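Just so you know, the sequences run in chain order A and B.
Numbering follows the working numbering, with no gaps: position 63 of the first sequence is 63.
Numbering follows the working numbering, with no gaps: position 372 of the second sequence is 372.
Bear in mind the hints are in silico, worked out from the structure with no lab data behind them.
Quantities reported herein were computed from a predicted structural model and do not represent experimental measurements.
Cβ coordinates follow ideal geometry from the N, Cα and C atoms, glycine included.
Certain hints may be false.
Unchecked claim - Covered by chain A, according to a simulated footprint, are these stretches of chain B (three or more residues, beta-carbon under 8 Å):
1) 257-270
2) 273-283
3) 600-609
4) 738-748
Claimed, not checked - Examples of chain A residues toward chain B, derived with CB under 10 Å:
5) Val33
6) Pro35
7) Ala38
8) Val51
9) Ser55
10) Gly66
11) Gly185
12) Arg265
13) Arg275
14) Gly279
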Amino acid sequence: MSGDRKPASLAEALSLLAGAPEAPLLLAGGTDVYPARAVAEAWGRYAPRPVLDLSGLGLAGIEDRGDHHRIGAGVTWAALRDAPLPPWFDGLRQAARQVGGVQVQARGTVLGNLCNASPAADGVPPLLTLEAEVELASRRGTRRLPLGAFILGNRRTALAPDEIATAILVPKPAGETRSAFLKLGARSYLVISIAMVAGLLEIDSGRIAAARLAIGACSPVAQRLPELEAALIGARPEEAAALAAPEHLAPLSPIDDVRATAEYRRHAALVLLRRLLAGLAAPQAQGGSQAA
Amino acid sequence: MAETASATHVRHGSSIGQPLTRRDGVLKVTGQARYAADNHPPGMLHAALAVSSIARGRVAALDVAAARAHPGVVEVMTPANRPPLAQDPDDKNGPFVFRMEALQDDRVRYAGQPIAVVIAETLEAATEGAALLAPRYEAEAVETGLDASDVFIPQMVGPGAPAEARHGDVEAGLAAAERRVEATYETPAQYHNAMEPHAIVAAWEGDRLTVDTPSQGLAWAQERIAGLLGLPPENIHIRSPFLGGGFGSKGVISGPQVLGILAARLVGRPVKLVLRREQMYGPVGHRGPTRQTLRLGAGEDGGLTALHHHVRTATSRFDDFLEPAASVSHTLYAAPAIATTYDAVRLDTGTPLFMRAPGEASGSIALESAIDEMALECGMDPLEFRLRNYAEVEPMSGKPFSSKALRECYAQGVARFGWAGRPLQPRQMRDENGLLVGWGLGTATFPALMFQGQARAVIRRDGTALAETGAHDMGQGAWTALAQLAADSLGLEIDQVEFRSGDSRLPDAGIAGGSSHTATAGIALHHAGADAIAKLTELAMADQRSPLFGAGNMGVVARNGRLLRRDDESRGESYADILTRAGLAEIEGRGTGAMDPAVPEHYATHSHGAVFAEVKIDPELGQIRATRLVGAFAAGRIVNPRLVRSQYYGGMIWGVSFALHEQAVMDKCSGRVMNANLGEYHVPVNADVPSLEAILVEEHDPHVNPLGIKGVGEIGITGTAGAVANAVWHATGVRVRRFPIAIEKLLV
Ligand SMILES: Cc1cc2nc3c(=O)[nH]c(=O)nc-3n(C[C@H](O)[C@H](O)[C@H](O)COP(=O)(O)OP(=O)(O)OC[C@H]3O[C@@H](n4cnc5c(N)ncnc54)[C@H](O)[C@@H]3O)c2cc1C
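Could you put together the complete structure from these sequences and hints?
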């Protein structure tokens with residue numbers, strides 16, 4: 001519509017945003033924006049808003065910045081999936097392979113997935129286990145928020161009206177790391193997760209030195225499992241699966257919906273968690289990354 | 001697998017039986033095939049449908065001024081200014097006429113009903129204009145489920161079958177039974193979801209109208225549009241060369257299509273209206289939900305003593321289409337006493353409509369599940385039980401089958417699948433990864449019907465021919481299979497025959513529905529070609545200069561563009577020579593395709609099949625993967641084995657979808673379909689489609705029609721859905737009776 005803009009630089013985008021009389025709709029790959037708009041249009045709830053298209057900003061790089069990796073706002077799931085990245089990214093890349101289907105992976109951005117803040121966003125659990133930060137820019141300056149502080153709730157983020165999310169920053173873990181992701185859905189692809197689990201282990205002398213685990217689609221925002229993470233420290237990786245117990249899922253608050261009951265979600269989350277840990281104990285045996 | 005039919009299906013030199021590739025394939029894969037929405041007549045405007053977000057009540061206000069003021073908007077059509085119709089769209093004036101919403105008033109009957117049309121220079125402007133209408137409603141409480149109050153007993157189900165049918169004494173049969181099964185199964189509302197949305201491009205010239213729109217029934221559409229507009233049918237020209245799928249939803253003209261025509265009338269310019277995906281979950285029909293209770297009785301020997309199939313279904317509050325789900329029980333198993341009964345409720349939804357295998361698909365999954373439950377009750381293998389109750393004659397009517405190679409289907413399917421050694425008890429098999437493995441069986445059946453169709457064939461002086469009938473290619477391959485039939489009827493190679501189709505100005509080919517199109521239009525073409533050949537033969541036999549002169553009763557055969565004496569094939573001459581000598585440019589034949597009324601009087605006519613399914617199930621998560629399907633089908637003469645196999649594959653995938661994926665989720669408060677998009681309305685994705693095999697079992701039907709052609713378009717769903725459900729039970733020991741099967745129900 002009139003008022004739609006496609007700026008060619010971040011500076012231009014930020015000044016357009018700062019001066020906009022009506023908050024524009026930020027558009028990345030559009031794979032969340034357009035379906036949401038279709039539903040609104042379908043039921044007569046569509047309030048046209050000018051679009052600020054971010055695809056011209058040139059933020060599509062994955063860069064090694066010494067102590068961290070920087071995943072630009074324009075990086076698609078396909079680009080991430082196909083990038084040569086160190087093992088701690090394995091889980092995130094397994095998620096990349098399972099977001100939608102190849103068409104959605106080709107269009108949709110990783111950062112768009114975080115900004116959309118769906119409870120079932122497949123990118124959130126792996127990035128939580130990577131202790132990623134989100135970089136936000138405005139004319140006022142740049143700030144960084146840990147992912148857990150960026151996503152505030154179901155479809156709510158800390159993004160201010162004059163801000164654009166510009167990158168995901170992933171710190172490099174120490175030592176030997178293994179990571180993985182498992183997703184459960186009602187069909188093979190193109191499916192909203194019933195539950196998904198991400199895990200990252202740092203291993204030192206055959207023992208777990210640090211563990212980070214997160215579960216999605218079982219609470220408004222994906223949750224880390226701090227008690228289990230603590231319990232795993234010092235254990236051998238092959239003991240990990242057996243240590244996971246129902247009480248470790250206390251941070252979850254699953255609901256009944258059309259995809260599954262809360263009870264099933266709780267059950268499935270634990271099954272997936274144990275499988276994920278078992279897989280991390282024998283990484284070479286890990287074939288497919290799907291739940292089954 | 002070799003793409004040939006068995007030898008006896010293929011006469012030497014004939015096109016019928018050959019696995020020709022789709023003749024329109026190159027056009028399609030190169031984007032040159034012109035679908036309805038690809039038409040852009042000069043001066044064309046775009047229309048966007050505004051639809052109701054409530055399911056029952058009335059539209060109290062629309063901000064027409066705001067929409068009209070939007071840049072690019074040309075006009076807004078509402079009940080206030082909608083051009084008049086000659087007939088009330090709510091009049092039921094024919095057997096296949098459904099009530100439609102064409103802005104006749106401010107009533108809202110279901111969510112997604114058209115309430116206004118915005119017409120603009122661009123699609124964007126029309127869409128934005130529609131968003132500005134900001135409707136206000138007076139909403140009433142809605143009914144959305146099968147437990148709605150006010151249950152009624154319908155007189156008719158489906159397109160006009162009696163709702164109640166009885167044969168023998170079911171209660172006595174049940175009372176005498178040593179084993180009984182009573183179980184209730186539920187199937188959800190499903191939506192056709194053809195890839196191509198309903199689209200219409202309408203252009204008026206005076207009181208003549210040209211319409212580009214996908215249609216499975218050109219003559220019906222022409223008649224319906226003409227009736228509504230009060231114009232002679234010949235003033236309405238409909239072009240429908242290609243459909244991007246129809247599955248029944250394009251069988252009758254819908255309200256939105258009529259609104260496209262009226263919009264063009266209103267603005268005096270051509271108008272294009274294309275339904276959005278979500279708009280295909282309301283005004284264009286769906287498969288009605290069912291709750292089916294099966295009561296079966298059997299003796300110690302596994303012989304059925306009684307079968308009662310009761311169906312609760314739902315129609316809309318304003319019109320009737322009742323899913324005829326119990327009809328499968330009339331034909332499949334030889335119970336001495338059978339009763340099929342119905343009751344129904346009225347919901348605030350669009351009216352249901354026929355959807356691929358209407359009745360049979362929903363009924364088959366329930367019946368095949370119940371039969372499996374009874375087989376277990378009797379301690380018999382599911383196949384053994386089915387063979388024990390094999391129907392030698394149609395059980396309900398006592399009529400013999402015109403043909404029935406179901407035994408061969410079972411035999412070939414069993415061998416190919418490797419059914420032998422299947423444990424009777426469930427939860428006995430695992431694969432190398434520890435997944436539970438289950439095998440299930442379902443019997444497939446679908447009636448062999450025919451509508452009425454006509455065709456015309458013309459042999460030209462250059463030795464080529466023209467064959468035409470207004471048939472419908474929905475992707476199934478009508479352009480190819482019908483041309484094969486036409487070529488054989490004319491004794492010509494297929495490339496010598498120009499085949500015209502997909503246009504209302506051509507002879508009525510009958511509807512592409514009921515798996516009957518190849519038979520109906522094909523027999524019409526067969527007779528038209530034969531008629532042209534007969535006239536040509538008369539011409540030659542009466543001409544002293546012809547080598548065929550006086551061939552008389554010995555007759556002649558037509559082959560390769562020549563007429564030959566049957567008693568001496570060295571004597572003959574070409575069509576071209578005959579016509580040239582007679583000084584004729586061409587000779588015309590006409591033909592009709594219809595079922596001889598004596599056939600259904602004396603025979604039950606059905607296609608049959610047997611489908612074997614393997615599923616693998618994650619024991620801890622319940623996650624299901626259908627891994628292998630083998631279907632063996634007998635459907636009379638196979639005109640094109642490649643196309644037929646593709647119909648079976650498609651049907652079998654629909655069967656998997658029925659058992660495991662598909663359902664419309666209704667919001668109980670708003671009455672809206674909550675998953676009205678292809679992201680959330682699940683059908684199998686490629687990775688969900690198992691290894692498929694379809695075996696074409698040879699079957700000769702000397703009765704059903706002169707060529708012995710039955711139908712193949714719908715049968716693949718039947719049998720398959722039940723086979724998958726039975727395999728899920730066999731893998732887990734859990735019998736889920738609500739479809740699609742929710743994985744969480746499989747945890748024990
Ligand atoms: C068929 C289909 C299947 C899908 N399957 C999955 C799936 O399996 N798993 C899954 O997690 N998701 C799935 N999705 C959702 C979607 O593809 C992902 O969330 C995707 O990562 C979104 O990225 P995008 O670039 O398309 O975002 P957009 O749609 O462009 O934007 C999404 C939201 O983020 C905001 N936004 C985007 N970029 C920025 C930025 N740089 N700064 C601030 N705000 C921003 C937008 O304003 C919008 O609110 C699916 C979508 C479809 C259509």
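- Task: State the violated hints by number, sorted upward, taking the hints as numbered earlier in the document.
- Result: 1, 3, 5, 8, 9, 10 and 14
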